[in-house]
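Colleague: Listed below are the residues making up each chain.
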Amino acid sequence: MNKDIIVGFIHFFVIAAFQVFILDGVHLLGYINPLIYLWFILMLPTNTPKWAVLLLSFSMGFVVDIFAGYIGFHCAVLTFIGFIRPLFINIFFSGKEIESNLRPSIAEMGLSTFLPYLAFLVFIHHFLYFSFEIFSFSEFFKTLLRIFLSSITTILLILLFDFLFFRKRK
Amino acid sequence: MRNLLRFLKRYYYIFLFILLEGISFYIISQNSYYQGSAITIFANEIAGKISTKTQNISHYFTLGSSNESLAKENARLRSKIENSYVKYQHKAFQYNDTIYKQQFEYIDAKVIQKTINKRNNYFILNKGSIHGVKNNMGVIGPDGIVGVIINVSQNFSLVMSVLHQDSRPNIKNARTKISGTLVWEGGNYSKGKLIDIPSSIPLKIGDTIITSGFSQDFPEGISVGKITNFQKDKGTGFYVVDIKFSVDYNKLEFVYIVKNFFKEEQQQLTKDIKNE
Numbered sequence: 001m002n003k004d005i006i007v008g009f010i011h012f013f014v015i016a017a018f019q020v021f022i023l024d025g026v027h028l029l030g031y032i033n034p035l036i037y038l039w040f041i042l043m044l045p046t047n048t049p050k051w052a053v054l055l056l057s058f059s060m061g062f063v064v065d066i067f068a069g070y071i072g073f074h075c076a077v078l079t080f081i082g083f084i085r086p087l088f089i090n091i092f093f094s095g096k097e098i099e100s101n102l103r104p105s106i107a108e109m110g111l112s113t114f115l116p117y118l119a120f121l122v123f124i125h126h127f128l129y130f131s132f133e134i135f136s137f138s139e140f141f142k143t144l145l146r147i148f149l150s151s152i153t154t155i156l157l158i159l160l161f162d163f164l165f166f167r168k169r170k
Numbered sequence: 171m172r173n174l175l176r177f178l179k180r181y182y183y184i185f186l187f188i189l190l191e192g193i194s195f196y197i198i199s200q201n202s203y204y205q206g207s208a209i210t211i212f213a214n215e216i217a218g219k220i221s222t223k224t225q226n227i228s229h230y231f232t233l234g235s236s237n238e239s240l241a242k243e244n245a246r247l248r249s250k251i252e253n254s255y256v257k258y259q260h261k262a263f264q265y266n267d268t269i270y271k272q273q274f275e276y277i278d279a280k281v282i283q284k285t286i287n288k289r290n291n292y293f294i295l296n297k298g299s300i301h302g303v304k305n306n307m308g309v310i311g312p313d314g315i316v317g318v319i320i321n322v323s324q325n326f327s328l329v330m331s332v333l334h335q336d337s338r339p340n341i342k343n344a345r346t347k348i349s350g351t352l353v354w355e356g357g358n359y360s361k362g363k364l365i366d367i368p369s370s371i372p373l374k375i376g377d378t379i380i381t382s383g384f385s386q387d388f389p390e391g392i393s394v395g396k397i398t399n400f401q402k403d404k405g406t407g408f409y410v411v412d413i414k415f416s417v418d419y420n421k422l423e424f425v426y427i428v429k430n431f432f433k434e435e436q437q438q439l440t441k442d443i444k445n446e
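Here the protein sequences line up with chains H and Y, keeping their order.
Quick note on the numbering used here: the first sequence kicks off at 1 and runs consecutively.
Quick note on the numbering used here: the second sequence kicks off at 171 and runs consecutively.
Careful: at least some of the hints might be erroneous.
[Unchecked claim] Cut-off 27 Å, straight-line C-alpha distance, at most; resulting in silico cross-link-like pairs (BS3-like, lysine-lysine):
1) H:Lys142 to Y:Lys271
2) Y:Lys347 to H:Lys142
3) H:Lys142 to Y:Lys288
4) Y:Lys271 to Y:Lys288
5) Y:Lys297 to Y:Lys271
[Stated by the list, open to error] Computed footprint of chain Y on chain H, listed as stretches where at least three residues anywhere in the stretch have a Cβ under 8 Å from a Cβ of chain Y:
6) 35-43
7) 48-62
8) 65-74
In case anyone wonders, no lab produced these hints; they're calculated from the structure.
Note that CB positions come from ideal geometry on N, CA and C, so glycine has one too.
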């Protein structure tokens, strides 16, 4: 358990730094703004206490917000993702997987279980974040395009990093 | 009582969720109603301190291009100073110090954190209130317009760049002197749009767009970009103009914060009109 907490902290800082210093500064075709930081919340072990997930979501959102210049949006949206995460875990994972405290990842769940969970939450997160950021219907189709392209990029990046860095825990 | 406790135990995370969302929305409302609220100043200071460290590394990758643009600016300025001119009519050019009064002063600063891929983009600069930076000061780069300061902490300041949906600087066509407004519609950071330009006066592709000097934030004649395309909007009688920004915001590193000595006087004047 202690080891999980330390590993968790390292993940927190590495992912936040990657988001803030690398992804936020990269310009991809103008409409793509991958928000990989929500991966941190998605990959918390399945029996992490709900209050911890909420507090971690809020802190991660706050850290990313500080560097984006406008505080609050990432916080609000990521806290919501932390809130609905247990629901999605119940929908997509079988009872056995939840009880055995798995980390949602390709290595421990298999792609066919992990991908729908990942895709749904990423899409909900991006939909809320980008609609919030614009806060008007005047650029509706541009926003939809932005949500769609960014979601796909985020999902692909998460799958890639997951595949590269995570092996099955002993 | 026991039922209440059991209820709390079961649903505590819903209350925690509502509390955290409440905090988030409170911060968002603080941001949008008060410029320079305590929490944004605090955040600005932290982000500035950490970004200074990472900027020191990434700075080397853009060194070449920022040197080039600074050298170009130097050359442009050098061609304007007195030594570069030969006096033709000695009687007409009488040097008199009291004729000129300085209106603008520039504070040099470095961009230490920026985003360009969002719908609303902000830059953090390494100069703050102890260097004399205040809210609503304009920011320009060696190649042209950059944005407006919206938040100042002790050592750092936050710029709302022209790549923002609320940024609407007043601009004019350098050739025809007709003014309009610059907006950015998201997407490509090198392309902007001009609105409110009446279609009665013809435009040309390649016309240079500069700041009009009507807003008190920017001096007149700061470069904005060049017209790449334009269309008449039949319904309104205005042009819809596409421009290419003269500044490459992706590589932007050194900027100047514009301090207008007459700003308060100008604001006082317009305030009196509004009050009547």
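Colleague: All hints are to be evaluated individually against the structure, with a verdict given for each.
Modeller: Structure-based check of each hint:
Distance hint between H:Lys142 and Y:Lys271 is unfulfilled; the C-alpha atoms sit about 48 Å from each other, more than 27 Å. At most 27 Å may separate the alpha-carbon atoms for a hinted pair to count; Y:Lys347 and H:Lys142 exceed this at roughly 33 Å. Note on H:Lys142 and Y:Lys288: the hinted pairing holds, with a Cα-Cα distance of about 12 Å set against a maximum of 27 Å. Using a Cα cut-off of 27 Å, the hinted pair Y:Lys271 and Y:Lys288 is violated, with the two alpha carbons roughly 41 Å apart.
For a cut-off of 27 Å, the pair hint linking Y:Lys297 to Y:Lys271 stands: about 26 Å separates their Cα positions. Under a criterion of three residues with beta carbons nearer than 8 Å to beta carbons of chain Y, the stated coverage of the segment 35-43 of chain H fails, only 0 such residues being counted. Interface restraint, the segment 48-62 of chain H with chain Y: holds (7 residues with C-beta to C-beta distance below 8 Å; minimum three). Coverage of the segment 65-74 of chain H by chain Y holds in this model, with 9 residues showing a Cβ closer than 8 Å to a Cβ of that chain against a need of three.
Checked against the numbered hints listed earlier, the structure breaks hints 1, 2, 4, 6; every other hint is satisfied.
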